[in-house]
Amino acid sequence: MQSLSTTRILLIALCVVIAAAFLPLRVTGYILGLLTIAYYTGVFAMSWDLLFGFAGEVNFGPTFLIGTGAYTAGILDTLYQPPIWLCVAAGTLAAVAGGVVLALPALRVRGPYFGLTTLVAVLMLENFIIVDAHLTGGENGLAIPDVISISDTVNYEIALWFMAVSGAILFWLARSPVGLILQASGQDAVQAGALGFNVTKHKLAAFIISAFFSGLAGALLVFYVGSASASSVVDITVGVQIIIAAVIGGRRTILGAVLGAIFLVAMSEALRPIGDLSNFVVFAMALLVVLFFPSGFFGLLTRSKEPN
Amino acid sequence: MAAEAHLEVKGLTKRFGGLVAVKEMALSIEAGKILGLIGPNGSGKSTVMKLIMGIERPDTGSVRVNGTEVAGWPSHRIARMGAGIVFQHSRPLHRQTVLENIKLALLPDKLTRLFVDPATDDHARVIAKRVGLDAVLDRRPGTLPFADLRKIEIAKAIARNPQVLLIDEPFAGLTPAETAAFSDLICELRDDGRAVLLVDHNVKSVARLVDRVLAMYVGERIAEGTADEVMRNETVRRVYLGGSIETAARPESAFRDNKTPFLEVDKLSVFYGKAQALDNVSIHVHASEFVSVVGLNGAGKTTLFNAISGLLPYSGDIRREGSTLRGTSAAAIARGGIVQCPEGRELFTDMTVRENLDLGGQHLPAAESTEQIEWLFDLFPILRARQKQHAGTLSGGEQQMLTIARALMMKPKLLILDEPTLGLAPVILEQISKALTRLRETTPITVLLGEQNVTFALPHADRVYVLEHARIVWEGGPARFAAEMGTGYL
Numbered sequence: 001m002q003s004l005s006t007t008r009i010l011l012i013a014l015c016v017v018i019a020a021a022f023l024p025l026r027v028t029g030y031i032l033g034l035l036t037i038a039y040y041t042g043v044f045a046m047s048w049d050l051l052f053g054f055a056g057e058v059n060f061g062p063t064f065l066i067g068t069g070a071y072t073a074g075i076l077d078t079l080y081q082p083p084i085w086l087c088v089a090a091g092t093l094a095a096v097a098g099g100v101v102l103a104l105p106a107l108r109v110r111g112p113y114f115g116l117t118t119l120v121a122v123l124m125l126e127n128f129i130i131v132d133a134h135l136t137g138g139e140n141g142l143a144i145p146d147v148i149s150i151s152d153t154v155n156y157e158i159a160l161w162f163m164a165v166s167g168a169i170l171f172w173l174a175r176s177p178v179g180l181i182l183q184a185s186g187q188d189a190v191q192a193g194a195l196g197f198n199v200t201k202h203k204l205a206a207f208i209i210s211a212f213f214s215g216l217a218g219a220l221l222v223f224y225v226g227s228a229s230a231s232s233v234v235d236i237t238v239g240v241q242i243i244i245a246a247v248i249g250g251r252r253t254i255l256g257a258v259l260g261a262i263f264l265v266a267m268s269e270a271l272r273p274i275g276d277l278s279n280f281v282v283f284a285m286a287l288l289v290v291l292f293f294p295s296g297f298f299g300l301l302t303r304s305k306e307p308n
Numbered sequence: 309m310a311a312e313a314h315l316e317v318k319g320l321t322k323r324f325g326g327l328v329a330v331k332e333m334a335l336s337i338e339a340g341k342i343l344g345l346i347g348p349n350g351s352g353k354s355t356v357m358k359l360i361m362g363i364e365r366p367d368t369g370s371v372r373v374n375g376t377e378v379a380g381w382p383s384h385r386i387a388r389m390g391a392g393i394v395f396q397h398s399r400p401l402h403r404q405t406v407l408e409n410i411k412l413a414l415l416p417d418k419l420t421r422l423f424v425d426p427a428t429d430d431h432a433r434v435i436a437k438r439v440g441l442d443a444v445l446d447r448r449p450g451t452l453p454f455a456d457l458r459k460i461e462i463a464k465a466i467a468r469n470p471q472v473l474l475i476d477e478p479f480a481g482l483t484p485a486e487t488a489a490f491s492d493l494i495c496e497l498r499d500d501g502r503a504v505l506l507v508d509h510n511v512k513s514v515a516r517l518v519d520r521v522l523a524m525y526v527g528e529r530i531a532e533g534t535a536d537e538v539m540r541n542e543t544v545r546r547v548y549l550g551g552s553i554e555t556a557a558r559p560e561s562a563f564r565d566n567k568t569p570f571l572e573v574d575k576l577s578v579f580y581g582k583a584q585a586l587d588n589v590s591i592h593v594h595a596s597e598f599v600s601v602v603g604l605n606g607a608g609k610t611t612l613f614n615a616i617s618g619l620l621p622y623s624g625d626i627r628r629e630g631s632t633l634r635g636t637s638a639a640a641i642a643r644g645g646i647v648q649c650p651e652g653r654e655l656f657t658d659m660t661v662r663e664n665l666d667l668g669g670q671h672l673p674a675a676e677s678t679e680q681i682e683w684l685f686d687l688f689p690i691l692r693a694r695q696k697q698h699a700g701t702l703s704g705g706e707q708q709m710l711t712i713a714r715a716l717m718m719k720p721k722l723l724i725l726d727e728p729t730l731g732l733a734p735v736i737l738e739q740i741s742k743a744l745t746r747l748r749e750t751t752p753i754t755v756l757l758g759e760q761n762v763t764f765a766l767p768h769a770d771r772v773y774v775l776e777h778a779r780i781v782w783e784g785g786p787a788r789f790a791a792e793m794g795t796g797y798l
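Residue numbers (our numbering), protein chains in the order written: chain P, 1 to 308; chain R, 309 to 798.
Don't read these hints as lab results, they were simulated from the structure.
Watch out, some of these pointers could steer you wrong.
Stated by the list, open to error - If you want the footprint, here are the derived chain P segments under chain R, 3+ residues with CB under 8 Å:
{"hint": "1", "region": "24-35"}
{"hint": "2", "region": "155-161"}
{"hint": "3", "region": "184-190"}
Said to hold, decoys possible - Pairwise CB distance ranges (calculated):
{"hint": "4", "chain 1": "R", "residue 1": "430", "chain 2": "P", "residue 2": "6", "range": "13 to 23 Å"}
{"hint": "5", "chain 1": "R", "residue 1": "334", "chain 2": "P", "residue 2": "290", "range": "33 to 43 Å"}
{"hint": "6", "chain 1": "R", "residue 1": "587", "chain 2": "P", "residue 2": "278", "range": "49 to 59 Å"}
{"hint": "7", "chain 1": "R", "residue 1": "660", "chain 2": "P", "residue 2": "108", "range": "28 to 38 Å"}
{"hint": "8", "chain 1": "R", "residue 1": "656", "chain 2": "P", "residue 2": "11", "range": "32 to 42 Å"}
{"hint": "9", "chain 1": "R", "residue 1": "442", "chain 2": "P", "residue 2": "269", "range": "24 to 34 Å"}
{"hint": "10", "chain 1": "P", "residue 1": "240", "chain 2": "R", "residue 2": "380", "range": "51 to 61 Å"}
Heads up, the beta-carbon is just placed ideally off N, CA and C, and yes, glycines get one too.
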């Protein structure tokens, strides 16, 4: 069966987003809060999918980019209290800069070593946050004086439309000529080079775009939550959650990552009564999806079969 | 106007560690000409192609594309200077259509191109029509036959209108009809005024197309001229056919298991996706017999051996002493005494020679294992001296001996040797040859040997099969081989 065309997918996605925009009329603030988190997680996962699904690079350190954005914005706000948009912009910029610093050496190595490099970057960032406690709040986390809004609805709508716009940009980018070159570079770098494409340049660009959206989302997130802590935006387990969201949502689909993120947040909420077991159940389900539906939720929805 | 050489290579050298893969290579192709670069497997011809395209960096030497020195450049810059390559294995984007795959090759190397240029679409359609893909433009590569996948590769390579076109094994895996169509296409590309390099195993496959042929062996140029001249060249004949061949075949009637041979391969067919690797192949091997399967690289030898070892799905039947091996796992087949020495050697390179051997003999009682190792050190004396050395530090020849020795540690009834001579110097060949003679004269072992080096294969063969394009095309004694097959084999 033919998969859905780009415009149809975007049209359906737009309808879903508009429907979601009216949710505050129907559901409680608590659920809105959960969805707000899910939407930011969705942006993290979409940014990750651009790197993995298209550029073919497994970045084990999405939280390096997110954490850099979140903490830069948070620390700036704590120290000088400039306008929030300035903090967010600074956080985004820092994430992009961090991304370049990480990607330049990481892209020189191949295969598992790229992933390992990104993993080490996360550990270094986490360590820095804990050691440099007077600046970062250390293990207690950083309490941020400002928030964007105290209204659940406003926060929800910001997250929703931010996710929608990021998703549209990333999705369109992935399906654009540049996305095609990126996919070719990811699948067969030798051939892409022989076709005249500078593979490193394209992968670096993908890393920068991924860092931009990760950092921006991370910075916005801290101004929603009102705090930043290593365990919430930097720790390896957070990164793993993001990767799982992208993979069960459907790799190489961008938009699927949002479905995966909502699924993860919903599951951990639904399974709260079983306590510590809930993570186990969520991970087991993720494993089943990876094993039996490698094209993920999004693949099931659009019925495009993943050829192997 | 004098035709300027489009591709000119001089003094090109590439070393991988201690191995000189390409040595002082020189070649030149003018516009509108086709050069065939031939050589047996391991001769370095693919490396030459990669060096030209910048996929590997040359150590020294010059590569000029359209007059510009490009040696040492990254491949995307060489591609932009007007060189294109058709890879042997097609790896298209599977989620995109054929048209999109061709469009990819037409895109500029820019990050700012975010919208599809309509002209790109038209251009891609023109290219598709030219290579004969116009009927399948909206299909996905996964649904297409093998020949069409090759056409996608050609389409991508010519998308940027390269003046220098490198084609790796243009006809591998194609049927005769498809080969003819492909040849016509290559001729058309030449008639456009491109310089074309065809890389292949033997002269025969490219003779009809090429203006000149350059033959390589162990990294060096051994002959150049017209196809006829190269085929008549003494050195080339010696490389492909060997010099005088001594044979010592035992007649088939001498083997006692005449009714049910030790190993029977019956109407075996194997497919890799859409490419047929073996077509209705039947061979048999008697206990204690030495049988050689001779064929060029890509003929299907490794596939045949892997099927016997239980590593591949197949149709047809493989029987050992009359009972089928279908359903027996690869591990059980090996434990039962059918042991393969793979072409890639697959040694544990971080273990010592002794550890590799111990591993091979780990199912034997300790005393028997030690005794077997002693016997093997007798067979390959150099391994005794190298006992404590890591396998990865051995020379190619020593590694090959260790591979054979490790297989013999399993005390096989049938030893399958896949291209043991690959890339080895003549003096090493002699040592391995002596070991085989000794095995044949002093042990009851059965050997199935796959080789493209006929000189090496024939002296050890009681019988010979010739495998060509997935089929057995000849069967007989080694003495008859030289007389009947000699010229056709080049």
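Hints the structure fails to honour: 1, 2, 5, 8, 9, 10
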